[in-house]
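Number of protein chains: 2
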Amino acid sequence: MNEKGSNSTKERLLSSGALLICEKGFSGVSVREICSHADTSMNMIHHYFGCKDGLLKAISESYGENVFALPLKFLSKEPKSKEDFLCRIELVFETTLEACIENRLILMITIREQQSPKALLEYMAGFKAFIDIGIDKGFARKELDSAMITGFILDRIVNQVQFSPWINDEFGTDIFNDQSYLKRWSQSNIDVFINGIVN
Amino acid sequence: MNEKGSNSTKERLLSSGALLICEKGFSGVSVREICSHADTSMNMIHHYFGCKDGLLKAISESYGENVFALPLKFLSKEPKSKEDFLCRIELVFETTLEACIENRLILMITIREQQSPKALLEYMAGFKAFIDIGIDKGFARKELDSAMITGFILDRIVNQVQFSPWINDEFGTDIFNDQSYLKRWSQSNIDVFINGIVN
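Chains A and B, in that order, give the protein sequences.
In my numbering, each number is its position in the first sequence, counted from 1, plus 139.
In my numbering, each number is its position in the second sequence, counted from 1, plus 139.
Hints were generated in silico from the structure; no laboratory data involved.
Some hints could be false.
Just so you know, same-sequence chains aren't split out, so a pair can sit in one copy or run between any two.
[Said to hold, decoys possible] The calculated DSS-like cross-link candidates involving lysine-lysine, where the alpha carbons are at most 30 Å apart (straight line), are:
#, residue 1, residue 2
1, K191, K219
2, K281, K257
3, K281, K212
4, K257, K163
5, K281, K163
6, K221, K149
7, K257, K267
8, K149, K196
The following block holds chain A by itself, in its conformation from the complex (with noise of 0.2 Å):
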C-alpha cells in the first residue's frame, strides 16, 4: 500500500466513524460496522488508532484543529490598540462561527461523547490571556474574571449549531445557509459581549 492509499484509508475510517458515531453514538456503533463503512478490513482502525477510542480521540482532535487553529492565531498576538483589541474579539467569534458550522458533524459528536481536543483547552487558555492583556493595557474593563468568562463566545456558537435543527423546525431560520442571518446574529451577539446591554 503506497503512502496514498494509507491515507486515504485513515481518511474514510475518520469520515466513516465521525458519520456513525453522530448517528447512532458511540457506544452504539461497532468497529465492524465502521470499518465496513470505511470500505476497509478490521485491522485497519487498529493500525491507525489503536482501538475505537483512539478513533473517537483522534476524531475530536481533528475538530480541535480545524475549529481553533484561526481563532487561536488571532488570540495569540498581542493587541496594539483597543481597535486592534475588538476588531481580533470580531475575527475570534467570525472564524470561530464559520468552523464550527463547517465542522458541525465532528462538533456534535465531541460535544455528546464530552471530548477534550487539545485545541479547545488551548483557546481557552489563549482566550483567557487575550482578556488578562486586554485588562493589563486598560482596553477591556479591570473587574472582568477571565478565568469565568473564556466559554462566552464559544457557549453562543456551538448551541446555535447543536440546536440548529431546533432553531430550524420552530423559527424557520436555517443557519447553515442563512447569510443575512448569520451576520445579524453574530454582529448582535458580539455587541452584546463587548457592549454589554446597559449604557
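Could you slot chain B onto chain A? The hints should help.
Frame of chain A, contents of chain B only:
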C-alpha cells in the same frame, strides 16, 4: 386504583423514563424497559402518554415548567427602574441556573432529543419582551437586537450543566456542589452580559 395510586404510577413512569432515556438515548430504550423499571404494566404508558413519544414530550414539558416558571415570573413584570431591570436579570440568571442544576437529568434529555417545551418558547419570548421594554424605557442600549440575544444567558447556563462532567474532569470543579465557584461564575457572567467587556 385510587387517585394517589394513579398519580404515583404516572410519576414513576416519568422518572423511570427520564433515567433510562438519559442513560441510553430515546431510541435506545424500549417501552417494555421503562414499564419494567417503573414496576408497572405495559398498558400504563399508553394510558398516560399515548406512546413513547408522548412520554418524551411529557418529560420535556415538565423540564420546561420546572426550569422556566420562576424566571418567567421575573421577566413578565414591567421593570420600574434601571435598578429593578438589572436586579431582575440577576434573578433570572440565578433562578435559571439553580433550576437547570436541579433538573439536570431532564435538561440533558431535552437537549439531546432537541425538544421544544412550551415554557422554553415562552421564556424566550418573555426575555425578548423584557429587553424591549428596557430599551423603550432607556434602561438598556437602543442598539440591542433583542430577537438575536434571547439565548444569551440560557446558553451559558445550559452548557455549564451539560458539560459539568467535562468541567469536573478537566478542571476539577464540581459545579453541583461547589457553591463558591458557582457564585463567582454567575457574578462574572452576569457582569459581562450587563456591562460587556469594555468600558
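Hints versus structure:
1. K191 with K219: Neither. Shortest intra-copy (46 Å) and inter-copy (58 Å) distances fail the 30 Å Cα cut-off.
2. K281 with K257: For K281 and K257, the Cα distance is within 30 Å only inside one copy (29 Å; across copies 40 Å).
3. K281 with K212: Within one copy only: 24 Å inside, 33 Å across.
4. K257 with K163: So K257 and K163 pass the 30 Å test inside a copy (25 Å) and across (28 Å) alike.
5. K281 with K163: Neither. Shortest intra-copy (46 Å) and inter-copy (46 Å) distances fail the 30 Å Cα cut-off.
6. K221 with K149: Neither way: K221 and K149 sit 45 Å apart in one copy and 58 Å across, limit 30 Å.
7. K257 with K267: within (16 Å within a copy, 37 Å between copies)
8. K149 with K196: within (14 Å within a copy, 41 Å between copies)
Consistency with the previously given hints fails for numbers 1, 5, 6, ordered from lowest to highest.
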